[in-house]
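Engineer: Take each chain as given, in its own frame, and dock them per the hints.
Chains as they are written, first to last, in my numbering: chain A, 1 to 802; chain B, 1001 to 1361.
What the hints contain is simulated information worked out from the structure, not anything from laboratory work. Don't take every hint at face value.
[As the list claims (entries may be wrong)] 30 Å max Cα-Cα, derived DSSO-like pairs, lysine-lysine:
no., chain 1, residue 1, chain 2, residue 2
1, B, Lys1309, A, Lys519
2, A, Lys379, B, Lys1280
3, A, Lys61, B, Lys1280
4, A, Lys699, B, Lys1269
5, B, Lys1271, A, Lys682
6, A, Lys669, B, Lys1207
7, B, Lys1269, A, Lys36
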Amino acid sequence: MITEKNTESGCNCSAGVPTREEINSVVERVVESTGKGSDKVILILQEVQKELNWLPSDALKHICEITDITPGQISGVSTFYSQFRHLPSGRHTVKICAGTACHVKGAPLIIDAFKRELHISEERNASPDNLFSIEEVACLGCCTLAPVVQIDEKTYGHVKPTDARNVLDDFLNNSKKKGTVNTAGDPEKWDAEIRVGIGSCCVAGGSREILDEIAEMKEKYDLNIKLKPVGCVGVCNQTPLLEIVENSDMKARYTNVHRGQVEEIILKHVRPSTFKNRLRSRINDLVDSVISDDKVYSQINLPVEKREKYLNNFLGYQVHLATVNSGVLSPDSLEEYRMTGGFQAIHKCLRILSAKEIIEAISGSGLRGRGGAGFPTGKKWEISHAAQGSPKYVVCNGDEGDPGAFMDRMLLESFPYRVIEGMMIAAFATGASKGIFYIRAEYPLAVSRVRKAINDCYENKLLGKDILGTGFSFDAEIFEGAGAFVCGEETALIASLEGKRGTPHLRPPYPAVKGYRGKPTLVNNVETLSLVPWIINNGADAFSRIGTDRSKGTKVFALAGKISKGGLIEVPMGITIRDIIEKIGDGIAGGRKFKAVQIGGPSGGCIPASEADIPIDYEKLAEMGAMMGSGGMVVLDDSDCMVDMAKYFLTFTHRQSCGKCTFCRIGTKQMLDIITRISEGKAAISDLDELEKLSLYVKDGSLCGLGKTAPNPVLTGLRYFREEYEAHTKGICPAGKCQHLIKYFVTEDCTGCTKCSQDCPVNAIPFTPYERHLIDQELCTKCDNCRIVCPENAIKIIGTNA
Amino acid sequence: MLKIKIDNKEYSVKDGSYLIEAIRSAGHPVPTLCHRDGIEHYSSCMVCMVKDIKKSSYIPSCSALVQDGMEIDVSGTDVKNLRSKALELLFSEHRAECEAPCRIVCPAGYNIPEFNRLIASGDSERAREITAGELKGKTIMCIRCPGYCENGCRRKKVDQPVAIRNMKLFIAASVEGAIPDPSDPVMNEPLPKTGRSGRRFSSLIGKLEPGEQEEWLKECAGEIIRSREISNLRVAAGEAASCMHCDCRAAGDCRLRDLAEEFGIRDPKGKLIYSPIRKKINFQTGLVFENAKCIKCGLCVRVCEDDGKEEPRLCFLNRGFVSIISESLTGRFEDILQKQADKVIEVCPTGALSRFKPGQE
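Only chain B is shown next, with the shape it has when bound in the complex (with noise of 0.2 Å):
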């Protein structure tokens, strides 16, 4: 057993230890984004950092060894910043939106992307339930605005907006009470300030590069026929399906965005850009790839690493700032994990590997 003192408290702990394991089992939380117990360590994001007193420096706690007499701080403020600054270094290559741009804009925040996959899919039950549930008893709030929503649409810088604002309307109207009598008071009520008070953290994408843009159409699979009004559901569907799926896959289940709210971090200001964004689905597996919200912490390709020559995976290319995840150089994309795609779908920390469902989405 080797003795170790984790914030000025004595432990004992297994000989062949990870410092990570000792200090979680002291009681401390520590973050982590590239470790996943099972997989062998790597210490790429060093959000784990933790500081070693008698060195007086910083040390990854996944993959360092206790060693003994060891005295570990791993909640004073230099570690605090220390996980922090990691973060937000993270975040200034996460060119990548929590949020679509349309949820971010409205004023009532309805989860518009989620409605018109909804809507696309023909689940026009499941869409009402949604609208319903978001208006809480009040009225719906796109009647009076004049559609913040649709300004914000990706799909207008692409040919047209998709026509939200109708869509919703179109739905709300088979809500009981969601459309208010014109004489209504409400009427005349302000809407509420487009700022995100009381959401959620959402990483902005920064300034897109020429052709980028063109990128989410290819989250539109299959003949699509537009159109502003919308008479009846079949139309809406049509409409619907021009939506690009700005939001994230991860959206809710991403631990960077946790971590940033954990952390208070703010977005920074100008992203860092070496590579174009791209989006590489397969159609066949479902595995999206989307590379400009890789945190480059190779789970993915450590997860697969003992499966020798099996099928094709993934793999890092390139070195340092450019080095990115990728299919191999001999390979196509459409042929990587036919078999494991969920394996490094749920590995992955982040939205850039996640799954399209056709059908659903």
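Looking at chain A on its own, in the form it has when it is part of the complex (with noise of 0.2 Å):
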């Protein structure tokens, strides 16, 4: 049923305001498939909302009559979580990932170009005609394509502040357009197989379009291909990512393929079957030839070895143990995982070890949390396994909220069943029946290919009641979190499971005596489950060879910002930072100067370049001032300026603080303000010395982990850049960054092509051709539009003072 109203203005319901009988009906239907415990809110919440698009206040109403769920919950909770919406928003709804690799790559100035663009104020975030809204999002985790836009499920990489009319444009011109892939060939005698990245990254950077070209040429030339899509290679800043293996020695590997490439790179390889088809092939490679030299130059016919250098250095230097298979795996085939070694972990706990040699193989190889603070991980299930209670829960932590960091994101979408596994054997070890994966709602590729990860293994009776005829029982089920940084941490994780707002509380009782619904819970994160069955297969030797003193194995980093090769790469612990940045990520890009690098995301800190030689490790990154976080690092060049990123890192841990406890709620805020002056250049030298003293205290004074960190970036910034803070009062920002502190000039070289003219969005650059051009500096927003199309770079960025 659709109101007057709506229909009036030409959309459905989910831009308008929907009736009572409507929203009674939707509540009425989700409740039905969800229950009525108050431990469902926030899953009603989200169903409601998915089909709403927002969640009116009626909504709120009735869920709370027909469930037993309090309105002060709902309150609570819908208010909590960034994910739910109290007004009616636009029926596309756009994305701007403000992540730590978008935000040094320009973020600010893309959310301010779409509000231009689609007329967003501060009143209405709606388009006049309704179909958009915007939504800066904490990190889509595709840290390698920055600045990145996602406009319902399609994502747009590299996007500059003039795109934004195009792919607005191109969103509409092409969301109906939704094709589906035949991967099937003949399984017996293939002439070559071909595997497409369906990462994010790689989605993201059009590999659906790119499988799709595949699927056509297929039938076009009959080709005998296998059509392979895989997981994540890692090369996320080179996507999408084509692989031809002809046989198993013969691979060729392509990067940054773009549609109208495809057909020439899987003709250069495979041979049509038939003779027509084969001439039809020759006939279009002649034609092409003659109409386009384009064809020369492209990285279609450079030599191999040149074509597969990069690659070959990038992963050269990388240990593949939570990512074993990478890009040869497709992530949703049971089979595959199994005919790889999957699984074969798990047999060996059922079968062969008991919970204790299993807890001792993980206290042995001395794996620690890879969720930031690296607690060890056979301790934590000792204390588990010992706990009293039933049942007992394993929660996969998922959370990945650190804005710059998207391994956890990686692991789920590429390796779903390997972290099954790992949970299954956390849950055979300490004696849990029941594991809940909670992966954040930003990540929906993930939740799906886990969702069909866990059915595959349903089927298989890998999952349920008398696993492999074990008497093992055990249950996987998934819970979307809703957008809060906070429940990364564990206690407000469990919180949020249980349907209450992601407030954390003081340990002990740590969860993994008390946790869930009161019982025991062992909370681990993906990657350090993902690491269990490697562990399991290859001993617990094997894996503390690797690594240093007391930090062994392998770190999987998420490597973005101003380097060459960004991606997700995995290293041995111990190697250095410096190693990282020039050899696996071929060094700083644009032939900039290498800064720091940005360690650990809002929890971490900055490490200047001087220390660059130090081995990652849990302690010697504490040192340093940084932390291991969840491994996001983002490498800043000389245009980045220090005040700016704290100010940055602030302005997020301060947004996600869940206001439970006065230093962080408050003192971020204060801080925050601090900053804020000195990167407007109203600070006095004095406030450099207040900044510190109340990081300290709040960094003392905080309940959690979030509160405890969050003044990380100031402090490291203070204490490995001072001189640029101290600028700042005198009112330079010496990278050039800082809006209140620089201005827009146009030097002798401009030739008056008024290319900047029209491009300036606030029309301060008046039209006089053939005239060198001015900026009105009141009029001015610095929106960097004028500095990106001058083709003469006749537009500099000074200081104020200038």
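Structural biologist: So, in structure tokens, the structure goes:
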């Protein structure tokens, strides 16, 4: 049923105000499927919002009427999590990533550009035609494609402020098309297997289109190929990635493939099966070479060594344990996971090892929690094993909210079976009978892959009652987080599972003793669980041989920022930061100077280039004032301002603070106020001392990890880059980043081409052809458009004092 | 039994007890705001922080379980500084006045709002008693004073100040010896400085945002006839009813204020603002909620936690710095806590939740 108002405006109910009856029937339908328990509140809200696009107060009222949920609970919960909307919004949501990598590549300017383009104001977050709303999200996890914009399910990478209109148009033109991919081939004898990455980064880079294209070609030329979507390879900045395997030794990889190249690449390796088709391809080729000379220079014709050198370097220094078989395994094939040794570890555990032996192996391996704090995993399992209470739970913490980190997303997307296996082993070792995957809602692909994997496991008797006939029973399900960074903290995560506001509480009691529903609950990070099968298969010693004294094994990092070759990497502990940046990442992009690396996201710190020779190790990083965190590694160059970085992270932690304890709630606000003053050139030198003192109080006084580590970016900034802070108090931003301290200036190189004038959204540049342009500083919003479009590089950023 | 060292002295403590209990029974007072015996602990205010010496970290004693072998510092300088910082932070968003502006500027420190309320409710006898008590046998200072109180009166910014001076003089006329003879040498004595020396700590409100001034008008229910000249008690009662109750209802019973005095806190100059001052008053149940005074300790939410769906009550809204205590999104303030208003007013450590008493006020 649609209200009159809606039919008038010509859009469906998702953008307007639904009637009471409509709302009630949606709510009733949802509650029917979810159940009435008060712990279901988040799920119910998510499902209702899916249908109505927002949460009208009548919906909340009706939910309370027909379930055990109280009005207080539903109000508290629905306003705590960022996912829930209490005002109608546009039909499509433009999600603009404000993660670290996107921030350093200009996300704030992108946000401004879309707001301008869609006429979005403070009062109303919807375009006048109700088609679009804007949402700033903490991180979409496509850091290597920064800056990233996602409209509904479609992702756009490397967006420039001048692209806003194009992106919206492209979305409107293409949103109707939806291809299905036929991946089947003749299993007996393919001429080649074509592997296409379908991790989020690859999809964002256009790999779905590539898949479509290959499927079309397959039909057209009747190719005998197997088209195989594979999980993340980690080369996320060069997406989409195409790999052609002709036989076990012959592999060819192409990065940055675009649709137009597909045909050529495939035909280079695979012969069409019939003469007619062969002829067709030959002629096409001929025509192409006549009408275009692009081909000559494209990477397709580069010699193999040159084409693959980068990949070999990128992959050569890595050690794949959690990500073993990356780029080979199809993420949604249980069969393949099994064929490559999957589920052998759980077999071994169920049939040969005792719980005690498993825990000993994990303890002996030296594995520590990969979520950030580095608590010894074996120790946690031991506590959980010894804890009294039934049933026991295992929770996989996939609430990776750290802006600039996406390794958990990649592991869940690419190796869902491995994470499940890890969880099963943990469950068997600790005596748990129920597992919950807590995955953040911003990772829809991860959710659907894990959901499919769980279903496959049930079908194959790998989950459920009496698994593999051993008498061990274990159930697993998914819980979708609703957008709260603080829920990465295990006690807050459990509160969230129980349908409460995600506020942490003081430990002890540890969740391992008293957790979900008051029962012993083992909470392990995604990456930690992914390493478990490897350790069981290869032995504790093999694992502990890798790494340093106190940090064993490997760590997955999301390498992004101003690096030439970013991506998802798994490296042995103990590798130096410099090796990661120079060898794996191939140095700084654009020939700029390496300034610092931000490790550990909002809880971590900036380590200056001069200290880049330190080995990666939990203790060493802590000593430096940074933190392993969940493994975001954002590389900064000399155009990045340390004050701006600290302000960025503080804004994030301040917004994500749950608000429970005084120091985090008010302390981070005061810190943010001071640092904002600094970035605007309004602070005195004494403010730096005040900021430092306050930071130390917040560190000491906060209740949980979020508040205790929130000052780290500021403290490391003051420790390693104090002179930069001091410069700001004098009104100078040495990196030319802080908007209040810079202006745009047209140099003598200007030819008067008027491009800047045309692209200026606020008419701050008069249209003066063939004359040197002038920027009206009063009107200028520093959107950077003019500098991007200037063909002569005649627009420079200078200090306001200059 | 667990062994624990508190300020270097060893104690035996029952397993499962909280640090705060152990520390208090060892004879050390522990300040708290968000904690109440019998209500689930929450660790919000962080003024009960102590130092875990072995771990070299600070923990809220109200929610920390005693662990064997703990060594706790409860009175060191670090601990005091941290507690005092917590209070300072709380005050930085506590946009509230313990005392009304009129009283703060009054050179004699007379309790003007209370006097006004008594006059308005027709209890002139009690108003006279208060006045007499404040004079302590001396003459009334108003006669020599230009009326600083009326200059400070918040009502002045809305329409015109309450005629405090004239009312005070009208009542003082019935107190023997209160009005001096014009030839009395006291008439030439200078007024004391309007400093607040010797008086209690008073938090300040900071700059008012547009529209906030009018919130106080909600305190003056009913029809009011204004008059500058006070000729009789009826006129006085009418004028006194225009007093907007700027003083805090919890002025004499505020744990935050007590702690500010104990720790010697100075009220921060700039106040953090995220939401405007709003006075919510339920004239039926007498429940008053002033969000700007709230320290988000959540006691009012927790004290009703086990009541199920019995009656609508208070809850938390939003997250982080912008979180507030409120009625639910689906209900009205007028409908909440019909039966249990007293319970939440009693646990509130500040004046955020208090009682509106018609007739007396």
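Engineer: Against this structure, judge whether each hint is valid.
Structural biologist: Hint-by-hint comparison with the structure:
no. : hint                    : result
1   : B:Lys1309 with A:Lys519 : holds, 26 Å
2   : A:Lys379 with B:Lys1280 : violated, 52 Å
3   : A:Lys61 with B:Lys1280  : holds, 22 Å
4   : A:Lys699 with B:Lys1269 : holds, 24 Å
5   : B:Lys1271 with A:Lys682 : holds, 18 Å
6   : A:Lys669 with B:Lys1207 : holds, 18 Å
7   : B:Lys1269 with A:Lys36  : violated, 50 Å
The structure fails hints 2 and 7 (numbered hints given earlier, in ascending order).
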